[in-house]
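Under the numbering used here, the first residue of the sequence shown is numbered 154, with each subsequent residue one higher.
For the record, the hints were derived by calculation from the structure and aren't laboratory data. Since this is a predicted model, take the numbers as computed values, not measurements. We treat Cβ as the ideally placed atom computed from N, Cα and C, and that holds for glycine. Just so you know, not all the hints are guaranteed correct.
Said to hold, decoys possible - Each computed PhoX-like pair below joins lysine-lysine, with the alpha-carbon atoms no more than 20 Å apart:
no.	residue 1	residue 2
1	K412	K400
2	K172	K340
3	K412	K386
4	K172	K366
5	K366	K340
To be verified - The calculated label-pair distances, taken between Cβ atoms and stated as ranges, are:
no.	residue 1	residue 2	range
6	D341	T241	32 to 42 Å
7	E352	E242	32 to 42 Å
8	G190	E425	40 to 50 Å
9	D204	G387	14 to 24 Å
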Amino acid sequence: MELCTEGPAPYLMFPALAKTGIIRHGFSTKLGGVSQGSCASLNLSFERGDDPEAVRENYRRIASSIGFSVEDLVFSKQTHTTNIRLVTEEDRGIGYSRPIPYTDVDGLITNTPNLVLTTFYADCVPLFFTDPVKRVIALVHSGWRGTVGKIGDKAVRMMREHFGSDPSDILAAIGPSIGQECYEVSKDVADAFREEFTEVQMPELAEQKEDGKYQLDLWRANQIILSEAGIRKGHLFTAGICTCCQKDWLFSHRATNGKRGNLAAFLELLPEQV
154 MELCTEGPAP YLMFPALAKT GIIRHGFSTK LGGVSQGSCA SLNLSFERGD DPEAVRENYR
214 RIASSIGFSV EDLVFSKQTH TTNIRLVTEE DRGIGYSRPI PYTDVDGLIT NTPNLVLTTF
274 YADCVPLFFT DPVKRVIALV HSGWRGTVGK IGDKAVRMMR EHFGSDPSDI LAAIGPSIGQ
334 ECYEVSKDVA DAFREEFTEV QMPELAEQKE DGKYQLDLWR ANQIILSEAG IRKGHLFTAG
394 ICTCCQKDWL FSHRATNGKR GNLAAFLELL PEQV
């Protein structure tokens with residue numbers, strides 16, 4: 154990923170996705186906003202006890218930096234499910250300019266131009282999907298529950314089933330999230346992964362410690378899921394940025410014991426050039 158510093162709010166982006174020419178996208182940092190306290194400074198959640206007007210100003214700043222309109226935002230409503238919502242023109246503005254009428258939505262998918270899919274993070278894994286052939290995009294929140302439930306595979310299947318995407322055409326990217334060295338989990342979480350992944354895959358996914366706990370690698374797990382879903386090696390990109398290690402400029406739930414704001418991922422399909 155590259156850090157873009159033009160504009161009021163710095164953000165991260167994948168050059169390989171941008172080169173398709175059909176999308177606008179970005180992943181926020183905690184820098185460049187107006188929020189105070191534990192949400193300082195670019196908090197993008199209305200649900201962290203922050204001043205709503207400060208959050209709106211933060212959105213205006215990140216929108217100015219990336220180049221989208223806040224009126225085109227469509228929010229997820231994340232509860233660590235594997236549910237993905239098909240987003241249409243009727244959803245424009247949901248979460249920002251009007252209430253969210255749904256819950257249990259951890260992913261968004263659309264082929265409608267100028268809808269800004271928006272999902273939220275503070276250690277979990279953002280997954281970006283772009284099909285430049287069928288002109289379809291998807292944005293997915295994949296924590297450990299979403300990962301063990303293989304929500305990334307579900308996104309690829311939905312792109313294929315609803316819009317005719319060929320997985321070999323899709324570009325997928327794994328965004329900033331907690332890395333294996335910082336992500337200690339209990340045996341029951343490791344066991345959940347053991348039920349879904351092979352014995353050959355498990356040693357690299359969950360490294361057991363002397364105290365019986367495990368270090369879980371969500372990046373590698375999602376790489377396996379997306380590869381098995383048909384994403385080609387040259388079309389799969391991983392940021393390799395740990396939110397917990399980079400707590401000075403990225404929000405991390407684990408690094409702050411939950412005293413934090415939210416980062417956001419944005420993905421917008423651009424209109425087709427005539």
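Structure-based check of all given hints:
The straight-line distance between the Cα atoms of K412 and K400 is roughly 12 Å, inside the 20 Å bound, and the hint therefore holds. Annotation: proposed proximity of K172 to K340 is violated, straight-line Cα distance about 41 Å (limit 20 Å). Pair hint K412 plus K386 does not hold up; C-alpha atoms about 37 Å apart against a cutoff of 20 Å. Restraint check for K172 and K366: the C-alpha separation of about 41 Å exceeds 20 Å, so the hint is violated.
Between K366 and K340 the CA atoms are separated by roughly 6 Å; this keeps the pair inside 20 Å, and the hint holds. The hinted window of 32 to 42 Å between D341 and T241 holds, with their beta carbons roughly 39 Å apart. In this structure, E352 and E242 break the distance hint of 32 to 42 Å, their C-beta atoms being roughly 47 Å apart. Separated by about 44 Å at the C-beta atoms, G190 and E425 satisfy the suggested range of 40 to 50 Å.
Taking the beta carbon of each, D204 and G387 are about 45 Å apart, not inside 14 to 24 Å as hinted.
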